[in-house]
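Going down the list, the sequences are from chains Y and W.
The number in my numbering is simply the position in the first sequence, starting from 1, with 269 added.
The number in my numbering is simply the position in the second sequence, starting from 1, with 26 added.
By construction, these hints were calculated from the structure, which means they are not laboratory data.
Beta carbons are placed, not taken as given, at the ideal position from N, Cα and C, and that holds for glycine.
Any given hint could be a false lead.
Taking beta-carbon pairs under 7 Å as the criterion, some of the chain W residues facing chain Y (in silico) [unchecked claim]:
(1) F35
(2) Y123
(3) S129
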Amino acid sequence: NAGVTQTPKFQVLKTGQSMTLQCAQDMNHEYMSWYRQDPGMGLRLIHYSVGAGITDQGEVPNGYNVSRSTTEDFPLRLLSAAPSQTSVYFCASSRDRGRFSGANVLTFGAGSRLTVL
Amino acid sequence: GEDVEQSLFLSVREGDSSVINCTYTDSSSTYLYWYKQEPGAGLQLLTYIFSNMDMKQDQRLTVLLNKKDKHLSLRIADTQTGDSAIYFCAGPMDSSYKLIFGSGTRLLVRP
Numbered sequence: 270n271a272g273v274t275q276t277p278k279f280q281v282l283k284t285g286q287s288m289t290l291q292c293a294q295d296m297n298h299e300y301m302s303w304y305r306q307d308p309g310m311g312l313r314l315i316h317y318s319v320g321a322g323i324t325d326q327g328e329v330p331n332g333y334n335v336s337r338s339t340t341e342d343f344p345l346r347l348l349s350a351a352p353s354q355t356s357v358y359f360c361a362s363s364r365d366r367g368r369f370s371g372a373n374v375l376t377f378g379a380g381s382r383l384t385v386l
Numbered sequence: 027g028e029d030v031e032q033s034l035f036l037s038v039r040e041g042d043s044s045v046i047n048c049t050y051t052d053s054s055s056t057y058l059y060w061y062k063q064e065p066g067a068g069l070q071l072l073t074y075i076f077s078n079m080d081m082k083q084d085q086r087l088t089v090l091l092n093k094k095d096k097h098l099s100l101r102i103a104d105t106q107t108g109d110s111a112i113y114f115c116a117g118p119m120d121s122s123y124k125l126i127f128g129s130g131t132r133l134l135v136r137p
């Protein structure tokens, strides 16, 4: 059972380039989300999805697009990368689309480190 | 909306107890969580507490919740070098689908 798998682990981009961070989970989780981690700022929610075909914005959605065509996959797209998007990105999923609880908790991937020059 | 705050750094000696503190603003938060992040890794769930509880103990971990002051703490007894990591508290925003994290407390355990 692989859990939440993120690719690539490391990526360097030039300003203006586009790329997609991949996230896949094999736990049949309904809820998936993307966070970015910056020093001293903790984790900030970018986008989330409560099921296939449904996405919504988090705290810092600007500059990022998401889609959820299958239950398993939740890619994060940067259409025109900027240095301010240099960060570590985490994908996380939880079993249910309902509220968080003791049984419905977030499981995280290992992260993708992105540098934009 | 929810705001979650933590102190950034804590240093303790091996064998001592560590106490990591967190304050939150959303009084409707039902579950509050503690996650641990080891260097170069993702976050792992350590423990959680439901809002109708004051305390929860799980082996070396004790979570205390003061609802009146909106204060959450994580105590690690007999802290080991393997406990060196970043610890995050988290709670749902407006009891919604958004889980909001604090800035994280970096725990350094000195031999």
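Evaluated hints:
1. Violation of the interface hint for F35 of chain W is found here, the shortest Cβ-Cβ separation to chain Y being roughly 10 Å, above the 7 Å cut-off.
2. Hint status for Y123 of chain W relative to chain Y: holds, with the closest Cβ pair at about 6 Å, below 7 Å.
3. Checking S129 of chain W against chain Y: minimum C-beta separation of about 4 Å stays under 7 Å; hint holds.
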